[in-house]
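Chemist: As you go down the protein sequences, you meet chains A and B in turn. For the record, in the first sequence the residue sitting at position 52 is 51 according to numbering that gives the first Met the number 0, with numbers rising by one throughout. For the record, in the second sequence the residue sitting at position 124 is 123 according to numbering that gives the first Met the number 0, with numbers rising by one throughout.
FYI, nobody ran anything at the bench for these hints, they're computed from the structure. It is possible that part of the hints are untrue.
Cβ pair distances, simulated, as ranges [to be verified]: (1) A:ASN63 <-> B:PRO26: 34 to 44 Å; (2) A:VAL51 <-> B:SER21: 31 to 41 Å; (3) A:LYS117 <-> B:LYS92: 23 to 33 Å; (4) A:MET108 <-> B:ILE5: 40 to 50 Å.
Please read all numbers here as calculations on a predicted model, not as lab measurements. Backbone N, C-alpha and C define an ideal beta-carbon position, used for all residues, glycine too.
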Amino acid sequence: MNGFVNWLAGTQWSIALHESLYMYSITESAHVMAIMLFVGTIMMVDLRLLGVSYRKTPVSEMTNRILPWTVGGFIVLCITGVMLFYAIPIRTWHSIWFRIKCVLLVVGMINITWFTFKVERDKAKWDLGPTPRNARISAGVSLFVWTFVIVFGRLIAYNWTDCDQNQSPFIQQIEDCKAVPADT
Amino acid sequence: MSLFHIAQGIEGSPVGQTIRESTWLFPAIEVIHLLCLAVLGGAVLMTALGVFGVGLKTPTPKEIEVSTRPYMTTAVVAILITGLLLGASEPVKLIDREAFLIKMVSLVLALLFTYFVFNPIVRKGDTGVRARTAAGVVMALWFTVALSGRWIGFS
Numbered sequence: 000m001n002g003f004v005n006w007l008a009g010t011q012w013s014i015a016l017h018e019s020l021y022m023y024s025i026t027e028s029a030h031v032m033a034i035m036l037f038v039g040t041i042m043m044v045d046l047r048l049l050g051v052s053y054r055k056t057p058v059s060e061m062t063n064r065i066l067p068w069t070v071g072g073f074i075v076l077c078i079t080g081v082m083l084f085y086a087i088p089i090r091t092w093h094s095i096w097f098r099i100k101c102v103l104l105v106v107g108m109i110n111i112t113w114f115t116f117k118v119e120r121d122k123a124k125w126d127l128g129p130t131p132r133n134a135r136i137s138a139g140v141s142l143f144v145w146t147f148v149i150v151f152g153r154l155i156a157y158n159w160t161d162c163d164q165n166q167s168p169f170i171q172q173i174e175d176c177k178a179v180p181a182d183t
Numbered sequence: 000m001s002l003f004h005i006a007q008g009i010e011g012s013p014v015g016q017t018i019r020e021s022t023w024l025f026p027a028i029e030v031i032h033l034l035c036l037a038v039l040g041g042a043v044l045m046t047a048l049g050v051f052g053v054g055l056k057t058p059t060p061k062e063i064e065v066s067t068r069p070y071m072t073t074a075v076v077a078i079l080i081t082g083l084l085l086g087a088s089e090p091v092k093l094i095d096r097e098a099f100l101i102k103m104v105s106l107v108l109a110l111l112f113t114y115f116v117f118n119p120i121v122r123k124g125d126t127g128v129r130a131r132t133a134a135g136v137v138m139a140l141w142f143t144v145a146l147s148g149r150w151i152g153f154s
């Protein structure tokens, strides 16, 4: 992966995207706007599953009519997210916040898979009533994960944990600072 | 006293100084600001999508608005507080930025339009052309606030 990001950083389009006057800002803005669509809607579905809001709305209606918007937001987030990484590969890869965010993204994906293929399978039984324990756990994990994905995603932008800022051995270890090419 | 002098005064205030001189205070407030943006976006979207007929169907837009109102209001209050704090840390820089001016104007319009036009229309149970137009305007206004807000950092 270290070799890959070093190679990526030298590719023509990565440099172009990084140095462009507007393209990077537009990509970053689209990423933030899509957060409203993705997190804003998934949060509402989670709140229904937790029994906090929309208690009279069938769970199937939340998943059928709201989740497509969530998925739309997620697609935009993935595309713009990959572009943002592509524009600044080395610094991002060696960011502790980016690494924590990736772990959380994996947890979020596992949670969605668990919900889709296991938890909601028998939702006909609890479509209108209170939700079972697993559904509430999945909703809680979702709220937690996406909240902190935003938190750590935002922190990537700040430079106080960058490898070139004299980090403690612990941070250097996590960020794999030794692998940062000398000329960056 | 000019706007510049007022900005200088705020920048030199204990609140402005504390946030500016701290490493983690600005990012922490910024993160809360961003989280509230997601909640606000979700609340606006749920009601607007309902009005357009492409969101929830069982609850009427009026009922959706009632369900989302606490999130909307909490997010708005938190966004205003965190926004004031962020602004207090670098007001001299902000008053010269076009994106900041656009954000402040669209923010005032978005707040007035949401609470005095869109919400009352939805609360009356209106789902016709008037409600749809208002839903479009309300989404466009908040989108402008968020986008110009993000753009402050780039300009």
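Chemist: Each hint: holds or not?
Modeler: Hints, one by one, checked against the model:
no.: 1; hint: A:ASN63 <-> B:PRO26: 34 to 44 Å; verdict: holds (38 Å)
no.: 2; hint: A:VAL51 <-> B:SER21: 31 to 41 Å; verdict: holds (34 Å)
no.: 3; hint: A:LYS117 <-> B:LYS92: 23 to 33 Å; verdict: violated (51 Å)
no.: 4; hint: A:MET108 <-> B:ILE5: 40 to 50 Å; verdict: holds (49 Å)
Checked against the numbered hints above, the structure violates only hint 3.
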